Every structure is written in C-alpha cells, then in structure tokens.
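Trainee: Residue numbers (the UniProt record's numbering), protein chains in the order written: chain F, 1 to 251; chain B, 1 to 251; chain Z, 1 to 251; chain W, 1 to 251; chain G, 1 to 251; chain L, 1 to 251.
If you're looking for bench data, these hints aren't it; they were derived computationally from the structure.
Among the clues, some could well be false.
For chains that are exact copies, the list does not tell them apart, and a pair is met inside one copy or across any two.
[To be verified] The list that follows gives simulated cross-link-like pairs (lysine-lysine, DSBU-like), each with its CA atoms no further than 30 Å apart: (1) Lys196 / Lys223; (2) Lys196 / Lys222; (3) Lys196 / Lys13; (4) Lys222 / Lys13; (5) Lys80 / Lys56; (6) Lys56 / Lys22; (7) Lys13 / Lys223.
On a predicted model such as this, the values are computed, not experimentally measured, just so you know.
Protein chains: 6
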Amino acid sequence: MRVDGRALDELRKVEMERHYIKHAEGSVYISVGDTRVLCTATVEDRVPPFLRNSGKGWITAEYSMLPRATQTRTIREASKGKLGGRTMEIQRLIGRALRSVVDLNALGERTLWIDCDVIQADGGTRTASITGAFMAMVDALVPLVKNGTLPVLPIKDFLAATSVGIIDGQPCLDLCYEEDSSAIVDMNIVMTGEGKYVEVQGTGEEAPFSPEELNQLLALAKKGTDELIALQSELLGEDAQLIGAQKTSKS
Amino acid sequence: MRVDGRALDELRKVEMERHYIKHAEGSVYISVGDTRVLCTATVEDRVPPFLRNSGKGWITAEYSMLPRATQTRTIREASKGKLGGRTMEIQRLIGRALRSVVDLNALGERTLWIDCDVIQADGGTRTASITGAFMAMVDALVPLVKNGTLPVLPIKDFLAATSVGIIDGQPCLDLCYEEDSSAIVDMNIVMTGEGKYVEVQGTGEEAPFSPEELNQLLALAKKGTDELIALQSELLGEDAQLIGAQKTSKS
Amino acid sequence: MRVDGRALDELRKVEMERHYIKHAEGSVYISVGDTRVLCTATVEDRVPPFLRNSGKGWITAEYSMLPRATQTRTIREASKGKLGGRTMEIQRLIGRALRSVVDLNALGERTLWIDCDVIQADGGTRTASITGAFMAMVDALVPLVKNGTLPVLPIKDFLAATSVGIIDGQPCLDLCYEEDSSAIVDMNIVMTGEGKYVEVQGTGEEAPFSPEELNQLLALAKKGTDELIALQSELLGEDAQLIGAQKTSKS
Amino acid sequence: MRVDGRALDELRKVEMERHYIKHAEGSVYISVGDTRVLCTATVEDRVPPFLRNSGKGWITAEYSMLPRATQTRTIREASKGKLGGRTMEIQRLIGRALRSVVDLNALGERTLWIDCDVIQADGGTRTASITGAFMAMVDALVPLVKNGTLPVLPIKDFLAATSVGIIDGQPCLDLCYEEDSSAIVDMNIVMTGEGKYVEVQGTGEEAPFSPEELNQLLALAKKGTDELIALQSELLGEDAQLIGAQKTSKS
Amino acid sequence: MRVDGRALDELRKVEMERHYIKHAEGSVYISVGDTRVLCTATVEDRVPPFLRNSGKGWITAEYSMLPRATQTRTIREASKGKLGGRTMEIQRLIGRALRSVVDLNALGERTLWIDCDVIQADGGTRTASITGAFMAMVDALVPLVKNGTLPVLPIKDFLAATSVGIIDGQPCLDLCYEEDSSAIVDMNIVMTGEGKYVEVQGTGEEAPFSPEELNQLLALAKKGTDELIALQSELLGEDAQLIGAQKTSKS
Amino acid sequence: MRVDGRALDELRKVEMERHYIKHAEGSVYISVGDTRVLCTATVEDRVPPFLRNSGKGWITAEYSMLPRATQTRTIREASKGKLGGRTMEIQRLIGRALRSVVDLNALGERTLWIDCDVIQADGGTRTASITGAFMAMVDALVPLVKNGTLPVLPIKDFLAATSVGIIDGQPCLDLCYEEDSSAIVDMNIVMTGEGKYVEVQGTGEEAPFSPEELNQLLALAKKGTDELIALQSELLGEDAQLIGAQKTSKS
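This is chain F alone, in the form it adopts within the complex:
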C-alpha cells in the first residue's frame, strides 16, 4: 500500500489547463497530484548563432522553481547569481527531449523557448514539465500551420515522461515527494507515442540495481507514459491529428 493509497502501477491524477497565460503562444498549467508546473512556449523568429543560415530551428528549455514551491523556502537562483547543477541538468533534459520529436528542418529558422516554472513541487517536477511542455509546444505551433506559415506541423510524435522507483523493494510508478525521498532507485523515462525511448535515466546512488529490477521499472514507465499520451491526445482533440503528419516527407 502506497502513502497516498495508490496501486503500485497507478499514476496520480493528471490535469492540463491550456491557454493559461494570455501573452504566450502556448501555455499549459499541468498538475500531477500536488505537483503543478506552468509550461509556456514562445516562438521567436531567429535562431542561436550556431544555426544561422542553416535553415534549421532550435528548442531551448528553461526550468525554475518558485521559492515556496518547496516545503522550506528555496533561495532564488537569480539572487544567488547562478544556476545550480540540478536546474541545468533538468533544463538540458527538457530541451533534448522535446527536440527528439521535432523536425528542426521543418521548423525553419525559429527558436522555441520552453519555460517550465514549478508553482508547487511534490515529486516528478521534471517529468511533469516535459509532459506539459509538449502540449504548450503543440499549442504554439498549430496556429502556424493553420495560418499557412508552416505547411505541416513539424512534430513527429507524442511525448510524455514519468518517474519510477523502488520503494521498500517494490517497483512503483509516478513517485510523489515522500516516496521519492525514500526510494533507493530513482528513474526518469521519456517515451514517444510509438513506445520508443527518448531518455532513460536511472540512478542507484543508495543501492545499485539489478537487470531484473531495471526491466520491471521500464515496464511500469511504459504503462504510465501510454496513459499520459492518451490524455494529451484527448485534450488536443482534432489538433492531435496534425502530429506525425510530416513524418512521411523527410526527417
């Protein structure tokens, strides 16, 4: 029995509110249990220096937590004057994950800025960020297809992420903060609609884990991301059909 009464392979309640911010091209407020993240997507008509005149686009992600997203107040990185290693690692992960399902050539010389700001943290903020940011990205790009700026949506597949871990010897899906703190293995998995891996990141700092345990964790993660992608698809309605459309052209 888990701390919040869930089954071992059960996700927390997930909600995604689209169009949360009036200024942003895409904005999704995602809740996964008590974890809440505001994900926005901004379209900028230029690219970083290393891509100028390449015809290719880019996706950059930034991640941050409000000071009281956490149980005790966390000092702002803006006040410290530098980003911590954890923040850097997470924003690199989010950017890489989103880029893996976008055809950057089809995007053209545009940058998508993805901002994931954690309003309240209760475990799994990085995976909630990826799942929500994917939706914000779709919302930011679909209008470019509808108004003819882009011939086809440059998104090749769905994308969602979840965490899994071993608690008291039991593999569990979607850890809340209390579970995360006591897990001896902690793994984040990012998967596509086709069921392929984009990121597999497992850490056994407290105790190394066996190949068998790895397999159990991967199976749980598959179940979780399948459910998240089903929810994304339902919420997007007709727009969901634009995803993967360009796959037949080029990669």
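Use these hints to put chains B, Z, W, G and L onto chain F, whose structure you have.
Mentor: Showing chains B, Z, W, G and L alone in chain F's frame:
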C-alpha cells in the same frame, strides 16, 4: 473614456485567493484585471546578522516575473546572473512598505520572507504585489497568535497600494499596461487603513507635473486604496479584527 | 534648533566648482555642507541599441561612493562584483531626472554619460548629485552649440533636487546625515525652474505620514530647489540664457 | 568495421598510471585510446555543513577540460566565470557514482575531493573519469587502513563505466569522438563488480530507440565494464582484496 | 627636451594635502603633475582569517579609477562585475610595498585598509598611490601611538615610488601619460628611506633593454624617490621622527 | 648547501617534451625539477576587436593550476567564478613576455592563444611557463612558414625565464617551492637570446634589498636563462635557425 471602458476613478476587478500554495505559511494569488501575482509569506526563526540578539524581527521581499508574464518573453534574471535595477527597486519598495505597518519588536527575532512572483503582467504589478503580500503576511502570522507563539498580532494597520497617472491630460486610477505606456506621469501610492502615506513615488520623466496635478492624483489614490483595504478586510473576516490590536502597547 | 544651528527651512552651504577634471567634457565638484560629489558628463557619439537609427539621444547615469566617503569603510561594489539595490535605485533616479529636462530628439544620436562619485557623504548625496550633474551636463553641451554641432541647447529647463524630512515632529529642509538617521519621514524632491515636479519620493518606513505633513514638506522643498536653481543660474552666467531656448521649437 | 578497426564489442586500449602527482593522496592518469584524464583524490578531515556531527563522510567530484583537450580550443570556464551545464552534469554524475560504492558512515567525517581533469579528449571522458577516479580513491583510502586510521576500507565494490551507442544501426562499445558524433543513441553505463547498475543514462536525441536496442546496448556495456574492473583489480594487486571487506559489517 | 619642458631627471610638481576626508583615519590627496589620487587609510580592529590569533596585523590595498580620470571614459569595474587584471596587479603591488616597511607584529591584530582612488590620471598613478598611501598610513597610525594604544609607531622606514622609462633612447624620470605611451621600456621602482629596493618592475614589451640601460634607469629612480621622501619628511614635521623608532626593538 | 643539494648557481633538471597533445598546433610538456607545466599554443585566424583591420596579430596567455598541483588542494577558479589576482598577474606577464620577441605585424591578423596549465607545482611555475610556452609557440608557427602561409617566422629571438632569490643571505638560482617560501627577496627575470631584459620583477616584501644584491641576482639569472636558451635551441634542431630570420626586414 478609458481603453477598457472604466471610469477615471475606477479600479479594475480585484480578486485574492488565499491559501494557494500548500507548503507556504501564507499564500495569496491576487488578480487586478489581467495582472496576476502569487504572493507567499514564509516565517523563518532567525534574523539577518545586523539584528541578531536585538529582539527585533525583519521583513525581506523578493519580486520576480516569469518570462512570459510579459507580452514578449523576458530573459530570466537567474540566466543573466544578476538582478536588474527595476527588480531591486521594486523589492526594496515592497519590503519597506510592509515593514511600515509591522511592529518589528513585537514580531521578535523572526524573518518574514515575502515572495511576489508575477504570473501575468498587465500594469501595476508592484502595487498588486504589496496589496496581496499584505494578505499573505496576515495569513502567515495569525496562526502564531492562535497557537500562542505571539501574544498579539504585530501588524499595526492595513496596507494597500495602487497606481495613478495622467493620460491625455486626465488623472486616472489603476493604470493597465496600455495606459501605463502612454501616461506622462506615473505614480505609485501605498497607504494605510488610517489613510496615511507609506510611500509616495511620482515620476514625470515624460513631462514634469504641477502641484495641482499632484493633488488630483493623490485624491484618486486615496479612493483606490480605501476600496482595496475594504476588500482585504472583508476577505479576512474575523482575522481582520486582530490587526491593530497591539497598537495600544508599544511601537 | 537643528543639530548644526540652521533654521528649519535653511539649506546648508552649497558650492559648485566647474571644470574640475581636465579630461571630461563637463565636470562639477559640488559641496552641500560636508557632502561632496564629483559629477562628470561625457558625450559619446552613439546610443544604446534600442535607440539606433531613431534620431534620438539618451542619458545614462552612474553613481558610486568611495569607500571612505562614509563614517565606516564601505566595501567597494567592484570588489563584491555587483551593484547594490540602493546604488541602482539612485542611478536610475539621476538618469530619469536629467532626461526629463532634455529634448532627446534635439540631442540627436548621442549618449550623455553622467558619473556621480561621492567623495564625502553627509546626507543628501543623491540630491546633490542631481543638482551638480545638471551643471556638468550644461557644461558638456554648451560647447556643441557654440561650435555649431547643435543648433540650440537641448535643455528645456533648470533642474535641482533637495531632501526634506520630519525630525522630532518638525518638517526640515536639506537633512544632514545625523538628521537623516533620526527622521521618521524621508523625502527627495526634484523640481524644474518652472516649479514643476520631476520626482516626488517620500517614504514613511518608520511612521506613515499625513496629507498635511506631505504639504508642508513639499513647500520646504520648493523653497530649497528655488534657491539651488538661482545659484546654478548665477554660476552659469551667460550660458544660463541658452537653457529653455529650444522650447519654442518642438518637444 | 569501425573507424579505428575495432570489433563492435571491443574496448580501446586502456592504461592507468598510479601515483602520477606527488602531492595528491591518490592520483591516476588514465588513457582510454586517445582520451587521457588525470584523476586525483584528496582526503579532507571535515565535511560539508549539512553533514557536520553526523558521523558520515562525503564525496565531491569536479571535472574540467584543459582548453586544448579538444580539437578546437575551448574557452576556460574560469574565464567565463561560470560552469557550463555539461560540466555540472558530469561532475554530479561522477560524485554520485563513487558515493554508490562507498560506505559513507564507515568513511567517517571526511570529504573525498575527486578531481578529473581531461588532458586530451577523444570521446568517453566522463566514463574514463569514473573508472580512473575509482582507482585514485582506492589509493587515497588504503593508507588510512594500513596506518590504522580506518579499521576497514569503506569501499563496498569495484566501479567502472563505459559508453555504448548505435552507429549506422549497429550497437557499439566504447565510442571514440568521431563515432560519438555520428551515433544516434548515446548511453553511459556505470556498473559495479557484482554486475549491478549504478547509472543508466541513455539519450536518443537524434532518434528514439526501441526496447530491443536498449537490451543490446546494456549487454555490450556489461562486457566493457567487466573488462575494466578486471584491469582495475589486476593493477591494484593485493590492495584489491581490501575492497568489499567491510560489507559484512554494516551498510 | 621633454614634452612638458622638464629635464630628463626632473620630477613633476608634487603636492600632498593631508586630512582631506573627515571620516577617514588617514587621508591624503596627492598630485604629481596632473595625476591626482585620493589615498585613505582605515584602521580595523580585526584581521583576515589566516592571521586570527597570530598577534600579527595586515595591510590590504584597493585601487580604482573614476570613469573620467582617463581621457575617454572607462567603464566602471563595479558595472562589469569584476576587477580587471591591471587593477588587481596594482592593488597587490601597493599592499606589498606598504607591508614591506611595517612591522606587522608590532601593529598587532589590526588591518589597515588602504584605498587609492584616482581622480585624474596623467601617468604614474600606481607610484603616486604608493607615495600618498604611505603618508595616509602614517596619519592613521600616529594617533594610536599618541593615545597609548601602540607603544611605538610600527613603521620601519619611509617609502616612495616613481616611474622611469626610455623615450627616444633617453632614460627619463617620472613619465607623464604622453611619455608613458611612447616609452619602449617602462619601469616602476619603490624604495625606502635607506635607499633599498622594495619593488623593481621593468617591462620591455616594445623592446628588450640592456644591462646598461637598466643601471641608468635605476639611478634616475633613486634620485626621484629620494626627493619624494624628503618632501614626505618635511610635510610630516615632528611626526616624521616616529618613523623607524621601533627598529631597535624587533622585526 | 641547498635543500636539494644543488650549487647556488645551478638550475634544476629541465626537460621539454614537444607535441604532447594531438589536437594543439603546438604543445610542450616542460619539467623543471618537480614543477611540470603543459604549455599549448593555438593559432586562431582572427584578432581581438582593437586590432581588427590593423594587419597586426596578437598573443594572449592564460595560466591555471590543477587543484592538486599544490600540496594542499586549491579551489578551482572556475568554481569560485573568478580569476584571482595572482593568476591575472601571471597570465599578463606570460603574454607580455612572448609578445616582446614576436613581430606582430609579420604575424598578420592572427591570435596566438597560449595556455599554461600547471600539472604539478614546486616553485617557478611562471618562469617554467614562459620557457615552455616559447617552445610551443615556435612549434605552432613553424608549419605556417613551411607551408608558405608566412614568408618568414615572425619570432625575433629566443626567450626564457628563471627565478632567483636570496636565501639565508645567499643569492640562489632557480628556487624550488621550499626555498621560495623562505626567500626574503624573490625575483623573476625574462631574457632574450641576445641577453637583453624583457621583464625584471623583484620584490622585497620580507626585507628590502640593496643595489649590490640586485646585481648579484641579475648575474645569476643571466647564467640560468643562457642555459635554458641553449637547451631550447638544441631541442628545436634545424627549426632553431628560423628564429631571428625576419629581423633584417622590419620590426
């Protein structure tokens, strides 16, 4: 006629949702028209070095905007590695304003951390921050009175803030972003429940203003802060009666 | 009776030495009592990026205190690696104040750099900086009119600043450091030759102040800035007549 | 056929020179093909603040590349004034990996500083760092056992790391830089002497990968780390027998 | 014939105004031709961590130039957020030079902070700083002897500095900025009252120099520092006799 | 008798391994006793802004120590976020010294980046850096002559550096760390093949030194740099003859 149809002396619609964040001692999500700020108050049982062993408490405020609070994306100060002048100025203002109505001796050796994070900006973010942060501060301190940690609430009076300005020669109350951009005088006023000034900050960068204009603006601000304080009082219900209780003891 | 024997509405002795630095286009060493500030003005033939090709000029101010300007040594901001909030606030104020009396279109694509370095501090350093910097700015721009680079001096009016405050219940003009430390209200006022307000900044951190008190303080400030402007005019001699000349053309 | 003529499951030539630096408690110069990393271990008799008086020790790792370790010169992070995200990510990985095989309670209140400085980079610098740093750590701690400071070596198991990836559709072991640049999947695996996982980090930024591909990569990594651990054991000679000795006491 | 009409072995006009700043324990405004530096000395009753409980004192120097000390405006190091290499080099030199004539044991656990702020630069700012800072240091320490805090002045000897260089093949004493820019060898010499070297720093970046040239330059520097020390002695009056008094006790 | 048995005028054993790094245009691993420095030279086909379109080249040097180059671990400057004064001073010295023997006009619009990374420190790291960096620079530039990019090697003369000091009243050549710590005078000398001075830097922080002592130290330094240059010449073989070849054209 104003851009959003309001009368010259009319506030925008104001809402304050208390207890927005489960981790924070006090948290209020304030909306003033389309401006939305999440204000949290944290109680820490120690003070900055200059107050150690003084028996006095302190209030420190921090202010930040999410990147897409604004019409075009604003670069994070954490990424730039330093706070801008505007941010510093605003957070100094918020801290000073709140300290003016708190009896720091009665607070004892505690620090209140006030965090104002702008989720969406449409003019008047600093004044909305002060009005909301006052509420979060009350919510953070009342439990200390109820559980006997503090003998009396160390808050001497209500506190609210609003902006006023001159647009097309007309003094106006509570400017939205579009109005703010075209105002030739811009003034922020912080007032107490007793109708006294805590801060008067008026700037005529575009055009200096006359003593008569100053008086008209001050009158509008008085009307606005009176209405805001009435709303604060209503939302606090019975807790409102704890404010000003210690005034009879010492300052 | 005030600490240094002055009347309540009396300025300290004010002196301004022009052409103090041989390298700078304009340089004024201002003393207000024991407060001494070196103000220089530099003319640069280009503007910040946001004004390029706009035909408009800009004024940027920087403010700093030497380590022993103060009673105990202050750590250099260069050693700390960042500017403090107080410095940022003051340099933004100085820049805004000077821009309010300059026709930036008539200045053309030039930047005026104003540097105010406090050699010795005894209260009122920011207002002394504004009063002195105005003079340095005139000295830097008049030669451009005399040599034909500019058709008319782009300065619309005189500008001076002073502080006022309430000490022991008495409104006072031009506070020295000792008075400033014990004042319960502290206000800085920047006014033009025409008697209009450019900045009104009053803070009642120690105790909120009433509308009546505000009016008394504003009257004192008017007397003080009038006297400062009379002194500026006298020291500028014939050059004083160039000020306001372009007002008849455009703004 | 691979670019350097190796079989798909073949490691590059690995060498480890112990006691490379006379000042350091442990120092190993590891070469994996043309990748060369100097790994040092420093024993400090105190711990970071969060562990004081806990009786536990800590391991902190730092990673850096000399400017000409790379094909074109890389700007120093010391000159830029901040660590990049890649560096932070790698040094967090190295520290976590080493801590996973050390009994921090048995280490006592000591900090091990691990420094991995890349002298020449040709792919796989982070995995070479882990493999070499493990050896430096053993060399730094064994003397503490021999001189009686520690009753038993607090290292629970061997530790080595390697990279695997998919190149032209072929899973390969131990990628050199040229291979790494063209791999569509890139995975780093850290394993123990018992064959358990400490870290599994796979990224399919260029193309997501299937569960079957994941399994093939994991098998290759197992072969590689087994060979590396055999080499470590051989080079350590008698000291190798001290590893794992304390496992029977406590964890 | 030199640019300003001086003889090859002639110093510029040197003036030192003592007690320039009312707050500082010692303050000297030195002019060497058009070079003007404000030197202050602050006595602090504690030492840096590496000297705590050693009974020894320390001297730390800081050096800075006002933005318009130079012909074109120099960006403030506080705005850049870091000290440049030239500044660091100069402040290390000043501190080292002053420490060489102070008995740090006799000073006791005190820190002397020396601040040298260049008001106007015309060559030789670092040597003027040393010459002036020596005087400020004497003025800061003599009162401690007079009021009985120190039994004897812990200053072992006089100290002064000057620059020499080769211009158009001619060795010259005390270069002004115009000369400094065209010199092919640039040398700064710090000497004591006894005629010993404290610092010899010669650079032949434009052209290496021969042993003969070195000897000519050293002779000129000796003449210059002798004259500067004579002036220091004259200005200090009776206080000059306190210098060197403790030499007979210990070093 | 010296601590390591050398004669007073005897250098430590010096070795230089050329072509140590496969990626760098020039790379030399120099050992002077137990001091070991990796010096690399990088040729970049552009110059800093102040030299663009001047036809002239530039040489920039950077210097750093690995954390365990020293007896106790030194914190990385990259972790501290800024370069220390000692580092800045040394890298400015190295750059200046190398530029003194290079015809920057003949180099053309190229930048030479010199990186000196201290692997193990035992005194004299800055002088070993200069001696080794000169060799790396030759190795980086000779191929440009051989492939016809440059008509002639733009290096005017040999360059080497050594340290001298006074220990127990005895002038000594090439101090190791233990000697350096107890020396009362410390001097670094950079000389050319022709026997001219490029840098003379002597510091008597512990005790001022007399003109006679200066002369003895200079004589020792001459002997040391002569021997170092003889070794450089021998190791360069035929390439040594290219040095100084362009001297007959222009400077």
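Trainee: Which numbered hints turn out to be false for this structure?
Mentor: none
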